[in-house]
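Trainee: All chains, please: the whole structure from these sequences, using the hints.
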Amino acid sequence: MTGASGPLFEGADWDFATLQRIHDACEEIARTELGLDVYPNQIEVITAEQMLDAYSSVGMPLFYKHWSFGKHFAHQEASYRKGLMGLAYEIVINSSPCISYLMEENTATMQTLVVAHAAFGHNHFFKNNYLFKQWTDADGILDYLDFAKNYVAQCEERHGRLAVEQTLDAAHALMSHGIDRYPGKKKLDLRAEEKRSRERRQHREREFNDLWRTVPAGLAKSETVLNVERRRNLLGLPQENLLYFLEKTAPRLHPWQRELLRIVRHIAQYFYPQSQTKVMNEGTATYVHYRIMNRLHQQGRISDGNFLEFLQSHTNVVFQPDFDDPRYSGFNPYALGFAMMQDIERIVTNPDDEDREWFPDIAGKGDAMAVLRDIWTNYRDESFISQFLSPRLMRHFRMFHLHDDPEERAGIRVDAIHDARGYRRIRRELAKQYDVGFIDANIEVVDVDLAGDRRLMLRHAVVKGAQLNESDAKRVLQHLADLWSYDVSLVETDPSDKVLREYVLNPRKLAAAA
Amino acid sequence: MVIHIVDRRLNPGSKSLENRQRFLRRAKALVQGAVKKSSQDRDIKDVLEGGVVSIPLDGMDEPRFRREGGTRDMVLPGNKKFIEGDMLPRSGGEGRGKPSDPGEGEGEDAFRFVLSRDEFVDLFLDDLELPDLAKRKLAEAESEGIQRAGYATSGSPANISVSRTVSRAMARRVALRRPRPEAIAQLEAELAACEDETRRTELMAEIEALKAKARRIPFIDPIDIRYRRFETLPKPVAQAVMFCLMDVSGSMTEHMKDLAKRFYMLLYVFLKRRYRHVEIVFIRHTDRAEEVDEETFFHGPATGGTLVSSALQTMHDIVRSRFRPSDWNIYAAQASDGDNSFSDGEVAGRLLTEMILPASQFFAYLEVGEAGSNSFDMSDSSLWSLYERLRADGAPLSMRKVSDRSQIFPVFHDLFQRRGKHERAAS
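Protein sequences appear in the order of chains A and B.
Residue numbering for the first sequence follows our numbering, starting at 1 and increasing by one per position.
Residue numbering for the second sequence follows our numbering, starting at 1 and increasing by one per position.
Bear in mind the hints are in silico, worked out from the structure with no lab data behind them.
Note that beta-carbon positions come from the ideal geometry of N, C-alpha and C, so glycine has one too.
Zero decoy hints are in this set.
Pairs of lysine-lysine, DSS-like flavour, derived with a Cα cap of 27 Å:
1. A:Lys127 - A:Lys365
2. B:Lys28 - A:Lys65
3. B:Lys36 - B:Lys261
4. A:Lys432 - B:Lys81
5. A:Lys248 - A:Lys149
6. B:Lys28 - A:Lys149
7. A:Lys133 - A:Lys248
8. A:Lys474 - A:Lys65
9. A:Lys278 - A:Lys127
10. A:Lys278 - A:Lys464
11. A:Lys133 - A:Lys432
12. A:Lys474 - A:Lys248
13. B:Lys272 - B:Lys257
14. A:Lys432 - B:Lys80
15. B:Lys28 - A:Lys474
Using C-beta positions, here's what the derived DEER-type ranges look like:
16. B:Lys211 - A:Lys195: 55 to 61 Å
17. A:Gln202 - B:Asp414: 54 to 60 Å
18. A:Val436 - B:Ile83: 29 to 35 Å
19. A:Ala153 - B:Glu290: 57 to 63 Å
20. B:Ile83 - A:Ile439: 27 to 33 Å
21. B:Gly69 - A:Glu354: 38 to 44 Å
22. A:Ala153 - B:Arg8: 17 to 23 Å
23. B:Arg164 - A:Gln202: 35 to 41 Å
24. A:Asp325 - B:Arg8: 35 to 41 Å
25. A:Ala153 - B:Pro181: 47 to 53 Å
26. B:Arg8 - A:Gly465: 47 to 53 Å
27. A:Lys195 - B:Lys272: 50 to 56 Å
Heads up, incomplete: computed chain A residues facing chain B, CB under 10 Å, no partners named:
28. Ile43
29. Asp404
30. Pro406
31. Gly465
Mentor: The structure is reproduced here in C-alpha cells:
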C-alpha cells in the first residue's frame, strides 16, 4: 500500500474494517518513516466498565482475585460516575503480542490516535528499551498471569480463602520492596518459572516417603558459633528485596505461601521498568502519534475536521499547568516527554549555538529518528533528563528549584531558576526526582539473630531526614512479622549511623500458621 | 503484518464482581454501619434505591512504607517572578504547606463508593429475621434443587442420555436382525468377483433385499431415545403471615400516620425481600376495621373514631378463615397513637390474650407520638398501659414508642434483630 489513497474514514463512526485500515496506515508510516520495530499488535475493543475493571487490577487483563482490586474498582467507579475522572482512551500491555485496549466510545479519530500512540509508540518502547529487555519477559507475561490466577485460586481451595488473603495482604504491603534493582542475576523467564514450579511440586510428591518421618532425628548439632560475616554471606545479606528474602529464608512459611510471595514479587518486578520510564514512555508514544497523525493528515487520509479534533485532544494531553495552578499535580509526563522529544528533533535537525555547546554529540546530526531511537533504547527517565533536558526547555517551562528545609524558619528557598547559573542545577534536581534510588525508601534486611530469638533486623537508611510514616510503617512491619513468624525490628538511621527511631513487632497468630 | 482485532465488549461483564464481593465481605461491619447511618436520614423509598455510602478507611487501607518530612527539593514549572535566593514564606503554618504541594497526599480519611440497590438492602436487612419461624409444612410449590430420577422417553435434547439411547438402539437392531454393513460389503465384493450370471442375479437380489431391510430398520429409531429424568425435591417451607394493623382514626395526626406508614413500608420491604412465603394482610381501623389492599393501606384516606378491638376481631376472623394456626406462623404488628375508647379496653385485652396471642409467634406494638414529644415523658396511653399489663403477665408482646422519623430504623432493627428466644419477651 502506498501513500495517499483517500481518507481512512468519514466522520466519527468506525467499524472493524476501519480499525484495520487505520492500523495498516499507521504501520506503514511507523515502519518506513519512523523506523519503529514493534511486537505484533493485538487490538481489543472494550467497554467503559471493562476499562474500569482493567484499571482496578493494575491494568492487567487477567489477574488473581483479591479484595483490594474490588476496593479500587468501587472507588474508581464512584469517581467515574460522579464525573471526577475521565477514563484513559486506551491501556496497553507490555506483552507479545502487544495488546492495546481501545474504548468503544472513542471516535474514529481517537482510535487512530490511540492506535498510533499505543500500538506503535508504546509498543516500540516496550520492545526496545533496555530496562524492559532486561527486566520483563513480554512473551511469557500473559501465560504467567494465567498461571498466577489459577495458582491463587487453587490455594484458596486447598488452604482456605482467609489464609491466602492474609498472605497476599502481607505480600502486597511489601510489594514496593520486592524488586531486584540491580541486574546480575539472569533475566526472568516466566514460562520456565511456571514449569519450574510445577516440576518442583511433582518432584516433591514423587519423593515423598513417609518412612522419613520414622527415622529418629539425630542429636541437635553442637552449637557452632557462626561468625557474623559468614552468616550474612549465607543469607545473602544485606538484602533489599524483602519479598525475595522472605520467600527464601522465612523459617515457617508453607511452600504455597512462598510461591504466592514469588508471584507478587514477579509482578512487582514486571512493573519496575514502567515506573522508571514514565516520562520517556509517554513522551515516545506521544511523539510517535503526533508524527503519524500529521503525516496521515498531509496524505489526505484524515480530514481537516478530524485533524482538528485530534489537535484538541492532543493539546489536552500535553497540557502542563503551572505550579500555582489549582490543576497542578506535578510534571505531566506526557508534556515533559513530548516536549523533550520534539526538542531533540530540533537540536538534531536545526540546532542553534546554545544547542551545539550543550549537546555536541547530537546537534546537527541530521537524522532525528536515528538519534531518538537510540535514546529510546538506552535511557531511562533519570538519565534521559539529566542528559537531554535543554536550557531552552527549562526556559519554556520556566522551571525553578525549591529547597525546603524544615529547620529554616524564614521559609522555602528558591535555589535555582532558569538562568545560566541555574540550568545545570535544575536539571540535576529534576533528574533526581525521577531516580528510583530516591523514590522508594531504602530499607534492607541487615541481619538475623539465628542463635537467639530469630529476630529479623532491618534498617532504613534515612535520606535527607525523611522518615517513615509511623502508623503505616507499623502496619507494614506487622505484615512482615507475620510472614517471618518471629520478631522483626526496624531501625531508622541517619547517614552518621545515629538511630532515629526503632520499631519492634511481634508476629500475630495467622490462620495460615495453624 | 497480521493484526488481531478482538471484540471484547461481548465478554461477560462484571469481571470484577468477585473482587467486589470480597471487598464487601471484608468491609462488612464497616459498610453495615455506614448503611444504617445513611438510612436514618433518608426516605424509605430512597433507601431501597441503594446509593453512596462512605466508610472510614481504617482497616481497609493497604499500608505501604511511606516517607514524610525531611528536607525536600523540588523542581516546579511556571516561575513568574522568583529569582535565585528568594525566600518564600510557608503558607499554612509550620513545616508543611508549600506554594504548591506536589508531594504525597495525606491519604483519604473516608472512602466513598456506590452500593447497588440489592447490596444496600441486603446489608441493611442482614441481621434481621422473623422470630420463631417454627411451624414448617411441606408445601408442593417450593422446591430445593433437583435430583436424577431414572430415564424418560421424552425430554429436552440437552438431556439425551447417549449411552442409554445407543444401547437400546443396538438391542433393537440385533433383535430385528438388521443386516450389518460388513455383510453387505462382503456380498458386494463377491458380486464383483462373480462370473456366473445366475449367481450374479441371485447376489444382486440378495444385496437389494438386505439394503431394503437396512433402510427399514434405522440405525437409531426415535423409540430408542431416552432422556435423563430429573425430579425436583420438595422441601418443607415455613409459611408465615404478617398482619399489619394500623389505626387511622381521627386522633392520629398526619405526622403519626406518616410514622406508622414508614414503619409498615419497612416491614413490607423486609418481608418481601427476605421471605418468599410470607403473606401480608393489611388491616386498618377506625371504629370499625377492614381488610384492605396494599395500595389503600398506604395511600387511602380514612378517618373516624377508635375501637382497637375491631381490628383485633377482624384479624381473628381472618386467621380463623384463612390461616390455620397449626400450619401458619402468625405475626402481627400494630401501630396506633394509643388512644382507645375506655370501654373497649377490656374487650381488646380479652381478644388479645385469649384468641390472638396464643396463635401468634410474635406481636409487636408500635406507639407513634407527636413530633418532638420525648418518649419518656409521654404519659402512658390507654393502649400502652393495657399491653404493659398483658406483657407483665407473660404475653409475647414487644412494645416500642416512636415520635420521630429518625427513630423508625433503630426501632425496626430492635424489633426484628436476630436474637435468642428468651430475650424477646423480656424486651
